[in-house]
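> Each chain is listed here by its residues.
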Amino acid sequence: SQKIEQNSEALNIQEGKTATLTCNYTNYSPAYLQWYRQDPGRGPVFLLLIRENEKEKRKERLKVTFDTTLKQSLFHITASQPADSATYLCALSQTGANNLFFGTGTRLTVIP
Amino acid sequence: GAVVSQHPSWVICKSGTSVKIECRSLDFQATTMFWYRQFPKQSLMLMATSNEGSKATYEQGVEKDKFLINHASLTLSTLTVTSAHPEDSSFYICSPRRGGDTEAFFGQGTRLTVV
Chain D
6 SQKIEQNSEA LNIQEGKTAT LTCNYTNYSP AYLQWYRQDP GRGPVFLLLI RENEKEKRKE
66 RLKVTFDTTL KQSLFHITAS QPADSATYLC ALSQTGANNL FFGTGTRLTV IP
Chain V
842 GAVVSQHPSW VICKSGTSVK IECRSLDFQA TTMFWYRQFP KQSLMLMATS NEGSKATYEQ
902 GVEKDKFLIN HASLTLSTLT VTSAHPEDSS FYICSPRRGG DTEAFFGQGT RLTVV
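These protein sequences, in sequence, are chains D and V. 6 is the number of the first residue of the first sequence in the working numbering; add one for each residue after it. 842 is the number of the first residue of the second sequence in the working numbering; add one for each residue after it.
This is chain D alone, in the form it adopts within the complex:
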């Protein structure tokens, strides 16, 4: 069966440290993988996209890696801040399709 799993339901880290979130998928052939931030009671907001032929993408304090052999993406937030506290969702889209399949989400709490 198809699955997208984000290994930690919740993650607490100290302010200033690097948060690393994991997304693993099974029985998908994604053309690209995306990460979204969702705050309570709000819709998701796009953060980063990485394509199947890319290994790493960066945007300010964010970094995403994509390993199609391991079927895994890692999402890093460096120099984390309390304002980074939110739920982070990975999502993927298969070749030829434009609908997104979402992971289970990781609720990140950055402790001051």
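Simulated from the structure, these hints should not be mistaken for lab results. Beta carbons: idealized from backbone N, C-alpha and C, even for Gly. Be careful, since some hints might not be right.
[To be verified] Which bits of chain V does chain D cover? Going by a derived footprint, with three or more residues having C-beta under 8 Å, they are: (1) 881-895; (2) 937-951.
[What the hints assert, rightly or not] Simulated restraints on C-beta separations: (3) D:T27 to V:N911: 38 to 48 Å; (4) V:K907 to D:G21: 41 to 51 Å; (5) V:R952 to D:E65: 37 to 47 Å; (6) V:R952 to D:S13: 17 to 27 Å; (7) V:S859 to D:K64: 40 to 50 Å; (8) V:N911 to D:S90: 29 to 39 Å; (9) D:E14 to V:D942: 22 to 32 Å; (10) D:V50 to V:T954: 22 to 32 Å.
Please build the complex by placing chain V on the supplied structure of chain D, with the hints as guidance.
Frame of chain D; chain V shown alone:
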């Protein structure tokens, strides 16, 4: 970025009544509209996909007669929950999409509570 307006942001209705949720793309034309549902502490689950002027395609397990989707224009889609029951209580989120877009834009979501 793209601006999406979804309302109401929350609604409480009595069991057996119908509720309409509107989703507008304010600064772009959406050829496709995705409607998602999210239960507490769970991820977004795609309910249906609609293209402007066409009937919606529903995911397995989603009743098309219960969740009526209208996508009459490129900037407006509505989801009507008919004869709502408490188990329909959830967070409903729309995502209008332009052709060729890879990143998705979402509405603010509608918290539906059926009492």
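> Honestly, do D:V50 and V:T954 meet the 22 to 32 Å range at C-beta?
Hint holds: Cβ distance 24 Å, inside 22 to 32 Å.
> Can the suggested window of 22 to 32 Å be confirmed for the beta-carbon pair D:E14 and V:D942?
Given about 30 Å between the Cβ atoms, the range holds.
> Within the stretch 881-895 of chain V, is the number of residues with a Cβ closer than 8 Å to a Cβ of chain D three or more?
holds (count 7)
> Determine whether the Cβ-Cβ distance between D:T27 and V:N911 falls within the hinted range of 38 to 48 Å.
This hint holds: roughly 39 Å between Cβ atoms.
> When you take the CB atoms of V:N911 and D:S90, is the distance between them in 29 to 39 Å?
The hint (29 to 39 Å, Cβ to Cβ) holds, given that V:N911 and D:S90 are roughly 37 Å apart.
> Between the beta carbons of V:R952 and D:S13, is the distance compatible with 17 to 27 Å?
holds (26 Å)
> Hint says 41 to 51 Å; check whether the CB-CB distance for V:K907 and D:G21 agrees.
Roughly 49 Å apart at Cβ, these two residues keep to the hinted range, so it holds.
> Between V:S859 and D:K64, does the beta-carbon spacing fit 40 to 50 Å?
Cβ of V:S859 to Cβ of D:K64: about 42 Å, so the range 40 to 50 Å holds.
> Looking only at beta-carbon atoms, does the pair V:R952, D:E65 fall within the given range of 37 to 47 Å?
violated (31 Å)
> Residue count check for the stretch 937-951 of chain V against chain D: does it reach three with CB-CB under 8 Å?
holds (count 10)
Of the numbered hints listed earlier, the single one contradicted by the structure is hint 5.
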